[in-house]
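*Asks:* Anchor point for the sequence shown: position 80 equals 80 in the UniProt record's numbering, and the numbering is continuous, going up by one each time.
Derived by calculation from the structure, the hints in this document are not laboratory data. Certain hints may be false.
What the hints assert, rightly or not - Now the in silico label distances, taken between C-beta atoms and shown as ranges:
no., residue 1, residue 2, range
1, Gly334, Phe3, 58 to 64 Å
2, Thr64, Thr184, 17 to 23 Å
3, Leu199, Ser282, 38 to 44 Å
4, Thr310, Leu199, 36 to 42 Å
5, Thr358, Asp124, 39 to 45 Å
6, Ala16, Gly235, 32 to 38 Å
7, Met37, Ala165, 39 to 45 Å
8, Gly2, Pro202, 34 to 40 Å
9, Pro145, Gln329, 41 to 47 Å
10, Glu153, Ala236, 24 to 30 Å
For each residue, glycine too, the CB sits at the ideal point set by N, CA and C.
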Amino acid sequence: MGFWIQLGVSGFRMDAVPFVIATKGPKVRQPVEQYEMLRTFREFLQWREGDAIILAEANVLPNTDLEYFGDAGERLPMMFNFQLNQNTFYTLATGDTKPLKHALLATKPRPSSAQWGVFLRNHDELDLGRLTPEQRAAVFAAFAPEPNMQLYERGIRRRLAPMLAGDRRRLELAYSLMLSLPGTPVFRYGDEIGMGDDLRRPERACARTPMQWSTEPQGGFTKHTKPPTSVISGGAYGFERVNVAQQRRDPNSLLNWMERMIRMRKEVPEISWGDFEVLRTSRSDVLALCYHWRNNSVLLLHNFGAEACTVKFRSGSRLINLLSDDHSQPGADGRHAVVLEPYGYRWYRVGGLDYLLTRSEI
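Working from the sequences, and respecting the hints, build out all of it.
*Replies:* Take a look at the structure:
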């Protein structure tokens, strides 16, 4: 790590952490995780570069999360939240928010100096191994119905855009949700423009294609005439139709929408720093999250249903929509009634936009 820190990298992704720290050797019958190794990694890294991070891949059950973070956050500073990720896709597939709510609460405990990395897709297949067989079958049926879309009998080897059939409403819903979940959002390159996959390529290679920058040869990625890995060409997701240059010129493109949402996310520190609660609503297909931090609150709604709905919940204050002028006033009983379109979402600030004046110091 020291070599790469000297070259200026900002941090490291640690792959398959449980296997990295497990005891090894021909006489080892039952490997045991040596968690103190993680503290050694972190101390070395922070001694060399105080703001460098380790983003760890540890697809473990919630009851062992603190072993990796450390009780005081002295081990790993950040881990991918696989439990939340897998249940997110189950909710996207079925509209049932109950398992997602359970995953949010199960992974809520963490040290204040550690953080979750929340994500939708990464460089590997979408791992569904922590779901029940029935839940996994439901996700396969929705997003990977053909055998060549699946991998290792527990994963999906597709990018998000083709999984959602390029449906802009569902793509916005998914990314709005990711940006509003507790933790640090982690984007995979190309998803900000809706890149696709090439299922003719083997295993994970189908979704590891070069970035599509423009309509120039090889998508503007390289001038090499015979690159080792070629860009996706032709069809709905080829570089001729999906690329950065075209979307930058279109104010309504997915790329420009994503930039606006990321900018808004940075203006809502409650999501990163605050505590959250899952609100009870009148709808099972709607997730309502409320964050509280320094005497300020934000409320976020996501409708996973294919039909419009009216969601009712109690929040006595006025709600200011951060993404449009569609604000909400409580009724005489102190309850709000918000109409959400199919796959709709809302980001509200509770009370008003003078939150900086009311923010407490601690």
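*Asks:* Would you mind marking each hint as holding or not holding in the structure?
*Replies:* Checked hints:
1. Gly334 to Phe3: 58 to 64 Å: holds (59 Å)
2. Thr64 to Thr184: 17 to 23 Å: Once the Cβ atoms are compared, 21 Å apart, the range 17 to 23 Å for Thr184 and Thr64 holds.
3. Leu199 to Ser282: 38 to 44 Å: holds (41 Å)
4. Thr310 to Leu199: 36 to 42 Å: Holds - the Cβ-Cβ distance for Thr310 and Leu199, about 40 Å, lies within 36 to 42 Å.
5. Thr358 to Asp124: 39 to 45 Å: holds (44 Å)
6. Ala16 to Gly235: 32 to 38 Å: holds (34 Å)
7. Met37 to Ala165: 39 to 45 Å: Since the Cβ atoms of Met37 and Ala165 sit about 44 Å apart, the hinted range of 39 to 45 Å holds.
8. Gly2 to Pro202: 34 to 40 Å: Holds: the Cβ-Cβ distance is about 36 Å, inside 34 to 40 Å.
9. Pro145 to Gln329: 41 to 47 Å: holds (44 Å)
10. Glu153 to Ala236: 24 to 30 Å: Since Glu153 and Ala236 have Cβ atoms about 28 Å apart, the given range 24 to 30 Å holds.
Going through the hint list in order, the structure satisfies each hint without exception.
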